[in-house]
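Asker: Each chain is listed here by its residues.
Protein chains: 2
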Amino acid sequence: MPISLDSPSYQEVKYGVTRDYILGLEVVTPAGEIINTGGKTVKRATGYDLTRLMIGSEGTLGIITKLIIRLIPLPEGKKTMTAVFRSAEDAARTVSDIIRSKVVPTTLEFLDRNTLSCVKGSLEMELPENSGAMLLIEIDGDPMILDRQEGRIKEACLKNGAVEFNVAANKVESDNLWKARRGASPSMLKFWPGKISEDIVVPRNVIPEMVKRLDAIADRHNLTIASFGHAGDGNLHVNIKVDKKNAGDMKRADEAIKDIFKATVELEGAISGEHGIGISKAPYLRMQLSDSEIGMMKAIKNALDPNNIMNPGKIFT
Amino acid sequence: MPISLDSPSYQEVKYGVTRDYILGLEVVTPAGEIINTGGKTVKRATGYDLTRLMIGSEGTLGIITKLIIRLIPLPEGKKTMTAVFRSAEDAARTVSDIIRSKVVPTTLEFLDRNTLSCVKGSLEMELPENSGAMLLIEIDGDPMILDRQEGRIKEACLKNGAVEFNVAANKVESDNLWKARRGASPSMLKFWPGKISEDIVVPRNVIPEMVKRLDAIADRHNLTIASFGHAGDGNLHVNIKVDKKNAGDMKRADEAIKDIFKATVELEGAISGEHGIGISKAPYLRMQLSDSEIGMMKAIKNALDPNNIMNPGKIFT
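Chains as they are written, first to last, in my numbering: chain F, 1 to 317; chain D, 318 to 634.
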């Protein structure tokens, strides 16, 4: 079970999202009081869900000082696989086919062509020529069924034209297969020190469409964009290569970000999947939420923190 | 996946609680506006979680008019079992042993001695003499592993002195095993037309202690109490037999309810697991929540519904 609230929550495909495992909180309120929300039970129906109101509120309603986390049994077995495809579309179709075959992986990570180039250059990984996309797939559970699930996953990969398919035989090989995904962000930073990172999420079935639109946006604004992320839940980390000292780069990136968010909302996604709104996305919140919704959120903020002492300037402009 | 928000959510043990499957809502606000919270993605981090604030708010913050629900694949196989024990303690220990053996059932329902008596009288079910408790256990998943999981469950039941263990061979037999659980509430109403129903939840590991305390409370107030519910998540439906026209009965029941809630809170549970606070539990909310927590909830209520037109009198006294 992942315990970080916003970093890669690899197990979200099978086990749901991290916040569902948070049963209770200790919070210091804007009034300086200490409250305990939720508790040690999985269920409760005793008033408003202050636990979930606090989670994702980005410190604007209080400071979380303790968490009660639900634990689940460690899986008895685990299997790690990677598959390389010619195109992002092939990889995305594979994701749909895997889920349609009733295999629910714990990990289903996607890396696009530009991400793979950075990884290849940085980690000296061997990858087929012209690798267009990679999937990192992990399943867990009773060892008896893992072989059969592996068979179904392999079938889905090959059906969609995978040019390479690897299964880790042991922990060392598994770590090796994870290398590309774990190295994606550091590798990119090495080659693109000034990258801008966004964190969009779209319904899983429109990932291929979103990837196409990202390519078109990169072309339109003469930029290089690399994406990787959790294909199992539609969350894509979109990275734009820029020289932050170059005003032209930054202007074009700014326009591209607007287009990316516009496409995301059109495809019924959200402009942040994990990282939140903070300061940098606050100007775009109206692309996502209606005035009524923002009004309700602000009313809650004003009611709980009338002096606006908790992380002022975050989320709302 | 269960879709009712408050009726028995049988699959909560393996798949988490129902509210985790609600991704978005359409809500009519107290101001008469229609808002859409959340959306079609499993994750999003765009402002406060209005979806979860609305769920469980018992109509006091708005009226929910649509739900977006996350679907998961139907399981490929399923197996239903029942086990009868001499005592509630034996059944509760079995629940712990099953979970410790890394089997995570989709259903783990508990029926106590008095519930079984009502069921037996009403449904003409055959049960061993002096049945002290019953567990209804259901597992699902790949058919290959169900036999092995059945073996582990049977072992846990027999180790804890089960006097009867049944496995359904088919759908008809499975429906038959479900008969006692499905008939629990109707059977009880037949014999105890004036019953008072509570809906507590405690951490799973203290169910045996809670069951003991319920027995002691029944003795102390000269009442009959029957409990059944979701042993997998600690949720117990506690039923008190009363004649509602008998002032003495009602007074003793009132005292018993206070004791039940006191024990529940002492054991770090909650006075409602599913049904909510409404009017009847509003006087007891201060046993559960601190003044600060209630203050925060009331501040939210006042901010979103300043004219108090949404379900006035519910949750807060």
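Wrong hints could be hidden among the right ones.
What the hints assert, rightly or not - Quick list of in silico lysine to aspartate or glutamate cross-link-like pairs, DMTMM-like style, CA-CA up to 20 Å:
| hint | chain 1 | residue 1 | chain 2 | residue 2 |
| --- | --- | --- | --- | --- |
| 1 | D | Lys357 | F | Asp215 |
| 2 | D | Lys395 | F | Asp142 |
| 3 | F | Lys251 | F | Glu209 |
| 4 | F | Lys298 | D | Asp622 |
Please keep in mind that the hints were generated in silico from the structure rather than gathered at the bench.
Asker: If a hint holds in the structure, say so; if it does not, say that too.
Answerer: Tested hints:
{"no.": "1", "hint": "Lys357(D) x Asp215(F)", "in the structure": "violated (23 Å)"}
{"no.": "2", "hint": "Lys395(D) x Asp142(F)", "in the structure": "holds (16 Å)"}
{"no.": "3", "hint": "Lys251(F) x Glu209(F)", "in the structure": "violated (25 Å)"}
{"no.": "4", "hint": "Lys298(F) x Asp622(D)", "in the structure": "holds (14 Å)"}
In the structure shown, a violation is registered for the earlier hints numbered 1 and 3, in ascending order.
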